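Enquirer: The chain contents come next:
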Amino acid sequence: MSFIKKPNARHPNLPKNKLGLTRRDYEGALSTLCAGCGHDSVSSAIIEACFQLSIPAHRLAKLSGIGCSSKTPTYFLNKSHGFNSVHGRMPSVATGANLANRDLYYLGVSGDGDTASIGLGQFCHIMRRRLNMVYICENNGTYGLTKGQFSATNDKESKSRKGVDNMFESIDLAALAIQLGAGFVARSFSGDKDQLIPLIRAALSYKGFAFIDVISPCVTFNNHAQSTKSYEYFREHNEAVGFLDVIPENEEISVNYAEGKSIEVNVHDGSKMLLHKLNKSYDPGSRRKAIGKINDSRDKGEIITGLIYLDQNEEDLHDTLLTTEKPLNQLKKKDLSPGLKKLRQVNKSFS
Amino acid sequence: MTKVNDFVIKFANVNGSGSASANLMFAKTIFRMGIPVSPKNIFPSNIQGLPTWYEIRVNKDGYIARRDGVDCLIALNPQTYQSDLKELVKGGYLIYDSTMERKFPRKDINVIGIPMASICAEHYDDPRQRQLFKNIICLGALSVLFKIDISVLKGLIKEEFQKKPKLIEPNLHALGLGRKYAQENLSSDFGLQLKLMKQKSKKIMIQGNEASGLGCIFAGATVASWYPITPSTSLAEAFEKYLHMFRSDSKGNIKGAVVQAEDELSAIGMAIGANWNGARAFTATSGPGVSLMSEFLGLAYFAEIPLVLFNIQRGGPSTGMPTRTQQSDILSSAYASHGDTTQILLFPSDPKECFEMSVDAFDIAERLQTPVIFMSDLDIGMNDWVVDELTYDDKHNFDRGKVLSAKDLDSIEMWGRYLDIDGDGIPYRTIPGTHPSKGSFFTRGTSHDAFAGYTEDGRINAENLLRITKKFNKSTKYLPKSIRRNAKNKTDVGLIYFGSTTPAVDEAIDYLSEEGYDINKIRIRSFPFDKTLENFISENDHLFILEQNRDAQMKFLISNELEVDINQFVSILNFDGSPLTAKFIVDEFKSKVKNNKKIIAKVKKSRTAA
Numbered sequence: 001m002s003f004i005k006k007p008n009a010r011h012p013n014l015p016k017n018k019l020g021l022t023r024r025d026y027e028g029a030l031s032t033l034c035a036g037c038g039h040d041s042v043s044s045a046i047i048e049a050c051f052q053l054s055i056p057a058h059r060l061a062k063l064s065g066i067g068c069s070s071k072t073p074t075y076f077l078n079k080s081h082g083f084n085s086v087h088g089r090m091p092s093v094a095t096g097a098n099l100a101n102r103d104l105y106y107l108g109v110s111g112d113g114d115t116a117s118i119g120l121g122q123f124c125h126i127m128r129r130r131l132n133m134v135y136i137c138e139n140n141g142t143y144g145l146t147k148g149q150f151s152a153t154n155d156k157e158s159k160s161r162k163g164v165d166n167m168f169e170s171i172d173l174a175a176l177a178i179q180l181g182a183g184f185v186a187r188s189f190s191g192d193k194d195q196l197i198p199l200i201r202a203a204l205s206y207k208g209f210a211f212i213d214v215i216s217p218c219v220t221f222n223n224h225a226q227s228t229k230s231y232e233y234f235r236e237h238n239e240a241v242g243f244l245d246v247i248p249e250n251e252e253i254s255v256n257y258a259e260g261k262s263i264e265v266n267v268h269d270g271s272k273m274l275l276h277k278l279n280k281s282y283d284p285g286s287r288r289k290a291i292g293k294i295n296d297s298r299d300k301g302e303i304i305t306g307l308i309y310l311d312q313n314e315e316d317l318h319d320t321l322l323t324t325e326k327p328l329n330q331l332k333k334k335d336l337s338p339g340l341k342k343l344r345q346v347n348k349s350f351s
Numbered sequence: 001m002t003k004v005n006d007f008v009i010k011f012a013n014v015n016g017s018g019s020a021s022a023n024l025m026f027a028k029t030i031f032r033m034g035i036p037v038s039p040k041n042i043f044p045s046n047i048q049g050l051p052t053w054y055e056i057r058v059n060k061d062g063y064i065a066r067r068d069g070v071d072c073l074i075a076l077n078p079q080t081y082q083s084d085l086k087e088l089v090k091g092g093y094l095i096y097d098s099t100m101e102r103k104f105p106r107k108d109i110n111v112i113g114i115p116m117a118s119i120c121a122e123h124y125d126d127p128r129q130r131q132l133f134k135n136i137i138c139l140g141a142l143s144v145l146f147k148i149d150i151s152v153l154k155g156l157i158k159e160e161f162q163k164k165p166k167l168i169e170p171n172l173h174a175l176g177l178g179r180k181y182a183q184e185n186l187s188s189d190f191g192l193q194l195k196l197m198k199q200k201s202k203k204i205m206i207q208g209n210e211a212s213g214l215g216c217i218f219a220g221a222t223v224a225s226w227y228p229i230t231p232s233t234s235l236a237e238a239f240e241k242y243l244h245m246f247r248s249d250s251k252g253n254i255k256g257a258v259v260q261a262e263d264e265l266s267a268i269g270m271a272i273g274a275n276w277n278g279a280r281a282f283t284a285t286s287g288p289g290v291s292l293m294s295e296f297l298g299l300a301y302f303a304e305i306p307l308v309l310f311n312i313q314r315g316g317p318s319t320g321m322p323t324r325t326q327q328s329d330i331l332s333s334a335y336a337s338h339g340d341t342t343q344i345l346l347f348p349s350d351p352k353e354c355f356e357m358s359v360d361a362f363d364i365a366e367r368l369q370t371p372v373i374f375m376s377d378l379d380i381g382m383n384d385w386v387v388d389e390l391t392y393d394d395k396h397n398f399d400r401g402k403v404l405s406a407k408d409l410d411s412i413e414m415w416g417r418y419l420d421i422d423g424d425g426i427p428y429r430t431i432p433g434t435h436p437s438k439g440s441f442f443t444r445g446t447s448h449d450a451f452a453g454y455t456e457d458g459r460i461n462a463e464n465l466l467r468i469t470k471k472f473n474k475s476t477k478y479l480p481k482s483i484r485r486n487a488k489n490k491t492d493v494g495l496i497y498f499g500s501t502t503p504a505v506d507e508a509i510d511y512l513s514e515e516g517y518d519i520n521k522i523r524i525r526s527f528p529f530d531k532t533l534e535n536f537i538s539e540n541d542h543l544f545i546l547e548q549n550r551d552a553q554m555k556f557l558i559s560n561e562l563e564v565d566i567n568q569f570v571s572i573l574n575f576d577g578s579p580l581t582a583k584f585i586v587d588e589f590k591s592k593v594k595n596n597k598k599i600i601a602k603v604k605k606s607r608t609a610a
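Going down the list, the protein sequences come from chains A and B. Under the working numbering, the residues of the first sequence are numbered 1 to 351, in order. Under the working numbering, the residues of the second sequence are numbered 1 to 610, in order.
If you're looking for bench data, these hints aren't it; they were derived computationally from the structure. Nothing here was measured: the structure is a model prediction, and the numbers come from that model. Beta carbons are placed, not taken as given, at the ideal position from N, Cα and C, and that holds for glycine. There may be inaccurate statements among the hints.
Okay, the calculated bits of chain A under chain B, using three or more residues with CB under 8 Å as the criterion [said to hold, decoys possible]:
#1 47–60
#2 70–80
#3 97–110
Below, in silico cross-link-like pairs of lysine to any residue (SDA-like), each with a Cα-Cα straight-line distance of 25 Å or less [stated by the list, open to error]:
#4 A:Lys159 with A:His224
#5 A:Lys326 with B:Ile254
#6 B:Lys402 with B:Gly416
#7 B:Lys438 with A:Pro15
#8 B:Lys90 with B:Ile42
#9 A:Lys334 with B:Lys438
#10 B:Lys255 with A:Asp269
#11 A:Lys342 with B:Ser250
#12 A:Lys79 with B:Lys438
#13 A:Lys348 with B:Lys164
#14 A:Lys326 with B:Ser250
#15 B:Lys198 with B:Leu186
#16 A:Lys193 with A:Arg298
#17 A:Lys79 with B:Ile431
#18 A:Lys342 with B:Lys158
#19 A:Lys333 with B:Lys255
#20 A:Lys326 with B:Asp394
#21 B:Lys255 with A:Gln345
#22 B:Lys200 with A:His224
#23 A:Lys332 with B:Ser405
#24 A:Lys348 with B:Leu24
#25 B:Lys164 with B:Gly176
#26 B:Lys395 with A:Asp335
#27 B:Lys241 with A:Asp269
#28 B:Lys158 with A:Asn347
The whole structure should be built from the sequences, with the hints applied where relevant.
Expert: Here you go:
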């Protein structure tokens, strides 16, 4: 971590977005994570994506659990409300928050300890419910804050820094997400800004549960030669299924791609996603094929990245519950309390 | 000699046999006849085949606690004949299905056989119908024996099957079969009689969980997240029912959301998330659920997020007696979670108070920005109680507490989430999405300063903890007050109690007073404790605390919190899982005072004077 305070001075000619805001307006406090931590790159990608989308920061709530990754919401979007909840329970807090106000963006950031171990249950159920949110798992296969224990996403063939074998099967969070109903499932790498930023943009524009499993190496405890979550290992074994362009509302698609290789998707907020497939036969609209692709790559020792699965039928929990359009937290007594006259009717039914 | 409107009827059934609705109809008929009545459902943690009982006490004087001794036993479960028989009072009535005639080993009771199964076999072919109509045939026979106003009963059947009108006629027919048999075969000198009475005030018969669920609607709760657990389930279900009834718009959209969570951890997490984001949200559970929720309760306490948690207590420890009643979560709720934590508790005593306190609970939680735990129990929550009609003041506005609007934020120079501006320990909060550039903060369970920033500065953390203590010390003015009643004659004997034991206490104190024991009483309605309780303790020399748990938890809580000598209290404890009887209190009280020379001397003096 750095002990230098961030200066308040700004360059007068910083580029501005549609809201007239600069990237600096989307920043947060200075990171206290280890120098070179993959998580800091994810924070930067979040800042860039929100800047590009011109999201009013106060209309986004950032939530997290416990762990290194869960500290990161302090390091971006300091004009947003944040909620650092308890270990593994971010999904339930996000669910409640979203139920209270369906009009905000919800961005959850958690780690693999939160997501694949203590909070695995909550992670599974939030996907079943298709909560409208973006869930980023900063996945480094290790428990950083408690100094380097294996996590449940650590591959069986991987070893600890001290050469100890990991003896247990790993959980593939992306495959699990597809299985359990997440509508937008992607995997990326903290070191690949070009892939990650468009994915976060697309996820924020998507209505439904968007999950991004970001391999984010832990430079202190899990970045050695025998780790499968190191920078080096990832760069050697990464197989992108495609790359993604997000075209904002009212903007023309200006690039032409070979026919049959790109898919155009309209997103509910008016923007478009252009998914360029690197493999013509790959179909990100099929749950079965997407899970198959993950498993196939895994068998080959590869990690696939990019937008792996996309359900174009955008639907969220409020659609299921038939919640009223107006956010629940804005309803007033006249909307909510039936009053004495109605109570008298209830009394009658018990008399 | 005939007993009129003062006896106990007990149905012994097999669960899953359709007896519950017939039994309830019987109780409701008595209620509609204007007679004070209290039914208690004593049921197993099981769906089908195990014994279940339904005990109805009828009392013209209005005593509605449970009473020992059964005057009329409707024994429909051969599994429990022997033990049920023992409860019958001398001269009591045993009614059984005499399709298979049998002898009972007691000469001092009256046995009445009604061949219910054979009447059913004669009139119905379908086995399920035979089973269900047996209960209605029994009801028909009982209506003749007890001389029940038949129009009341018929009216109830019509209401019961309002939504399935095809069933009205067959049920009335079955009722007629039972009546016909009784009229033709049974003697008319049955010694128990129900006579119409005039109610002093307008009453309803309702369960506490129903009233609480309804209260949440009136309180403006919009999010309910819960996990099924007996005996709290019916509360969330009632809320959902009324949500659809009162909060659906013309398009079928609903002004509220109910989520059945995957577990209690998630249930409370959702409620906290929703409250944090400015909706009124609650969760409902029982002891095991509170254990699971403890971690989150600490977060809500420390991060100062409002929350209403219904704890419908059941028998503990562990899975305990899931379908029996206790008041055994007092300490685990009062100090729920690790570290220095204290929680606000409310103690309702009946369904009417469940409604009122549920409405108030949300105001209290938002005013104090902390969880409020609503300490009901199975007896209040799941039994039907006859109470005064529910009322609501339309002029009452929600107290949302100290929440800053965008306009407020514009006019404020400096704001800190945990700054104590008003000196009452309660800071100002902001809701996400309110203002583009002001009022955002980071909610956390880690130690924080007045501006919600992370700190490991021990002094700052201690200051923050002390501010929260200040908030709690000043909280009692927002909480329901203790209610005290002094005995007619001056006395220094005092009884402290709370919750569902109230009817038994009221009755016991009347009996004891007739015997010359004068007792002042005080009913605790909330924690932290108020001045009224403190005064009561200092004004009475002989203090008794009644509670339904083994460890005298309320006694410990009072001694610990009010810093008073624990040895001055005498505990009266009951933890067998049954709703309390007045007799239990009377017997326990007398056995505890028999060696107290001062009290006995006073009793003797008052008896001589009388």
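Enquirer: Run every hint past the structure and note whether it holds.
Expert: Cross-check of the supplied hints:
Given a C-beta distance limit of less than 8 Å, the hint that chain B covers the region 47–60 of chain A holds, as 4 residues qualify and 3 suffice. Counting residues of the region 70–80 of chain A whose C-beta lies closer than 8 Å to any C-beta of chain B gives 5; at least three are required, and the coverage claim holds. Given as covered by chain B, the region 97–110 of chain A passes the check, having 7 residues with a CB less than 8 Å from a CB of that chain where 3 are the minimum. Among the hinted pairs, lysine 159 (chain A) with histidine 224 (chain A) is consistent with the structure: their alpha-carbon atoms are about 9 Å apart, no more than 25 Å.
At roughly 10 Å between alpha-carbon atoms, lysine 326 (chain A) and isoleucine 254 (chain B) fall within 25 Å of each other, so this suggested pair holds. Restraint check for lysine 402 (chain B) and glycine 416 (chain B): the C-alpha separation of about 13 Å stays at or below 25 Å, so the hint holds. Between the alpha carbons of lysine 438 (chain B) and proline 15 (chain A) the distance comes to roughly 23 Å, so the proposed pair stays at or under 25 Å and holds. Restraint check for lysine 90 (chain B) and isoleucine 42 (chain B): satisfied, since their Cα atoms lie roughly 23 Å apart, inside the 25 Å limit.
Annotation: proposed proximity of lysine 334 (chain A) to lysine 438 (chain B) is violated, straight-line Cα distance about 29 Å (limit 25 Å). Restraint check: the Cα-Cα separation between lysine 255 (chain B) and aspartate 269 (chain A) comes to about 24 Å, which is no more than 25 Å; the hinted pair holds. Between lysine 342 (chain A) and serine 250 (chain B), the direct Cα distance comes to roughly 18 Å. Compliance with the 25 Å bound is thereby established for this hinted pair. Among the hinted pairs, lysine 79 (chain A) with lysine 438 (chain B) is consistent with the structure: their alpha-carbon atoms are about 7 Å apart, no more than 25 Å.
With a C-alpha separation of about 20 Å, the suggested pairing of lysine 348 (chain A) with lysine 164 (chain B) holds against the 25 Å cut-off. About 14 Å separates the Cα atoms of lysine 326 (chain A) and serine 250 (chain B), which keeps this hinted pair within 25 Å; it holds. The straight-line distance between the Cα atoms of lysine 198 (chain B) and leucine 186 (chain B) is roughly 30 Å, outside the 25 Å bound, and the hint therefore fails. Using a Cα cut-off of 25 Å, the hinted pair lysine 193 (chain A) and arginine 298 (chain A) holds, with the two alpha carbons roughly 23 Å apart.
At most 25 Å may separate the alpha-carbon atoms for a hinted pair to count; lysine 79 (chain A) and isoleucine 431 (chain B) meet this at roughly 12 Å. Simply put, lysine 342 (chain A) and lysine 158 (chain B) have alpha-carbon atoms about 23 Å apart, close enough for the 25 Å limit, and the pair holds. Proximity of lysine 333 (chain A) to lysine 255 (chain B) is assessed by CA-CA distance (about 12 Å); at most 25 Å being required, the pair is judged to hold. Distance check on the hinted pair: lysine 326 (chain A) and aspartate 394 (chain B) sit about 24 Å apart at the alpha-carbon level, within 25 Å; holds.
A distance of roughly 20 Å separates the Cα atoms of lysine 255 (chain B) and glutamine 345 (chain A); the hinted pair therefore holds under the 25 Å criterion. Between lysine 200 (chain B) and histidine 224 (chain A), the direct Cα distance comes to roughly 82 Å. Violation of the 25 Å bound is thereby established for this hinted pair. Between lysine 332 (chain A) and serine 405 (chain B) the alpha-carbon distance is near 14 Å, which keeps this suggested pair within the 25 Å criterion. This hinted pair checks out: lysine 348 (chain A) and leucine 24 (chain B) have alpha carbons roughly 17 Å apart, not beyond 25 Å.
Taking the CA atoms of lysine 164 (chain B) and glycine 176 (chain B), the gap is about 19 Å. The hint holds against a cut of 25 Å. Our distance criterion of 25 Å between C-alpha atoms is met by lysine 395 (chain B) and aspartate 335 (chain A), whose separation comes to about 15 Å. Note on lysine 241 (chain B) and aspartate 269 (chain A): the hinted pairing is violated, with a Cα-Cα distance of about 34 Å set against a maximum of 25 Å. Restraint check: the Cα-Cα separation between lysine 158 (chain B) and asparagine 347 (chain A) comes to about 19 Å, which is no more than 25 Å; the hinted pair holds.
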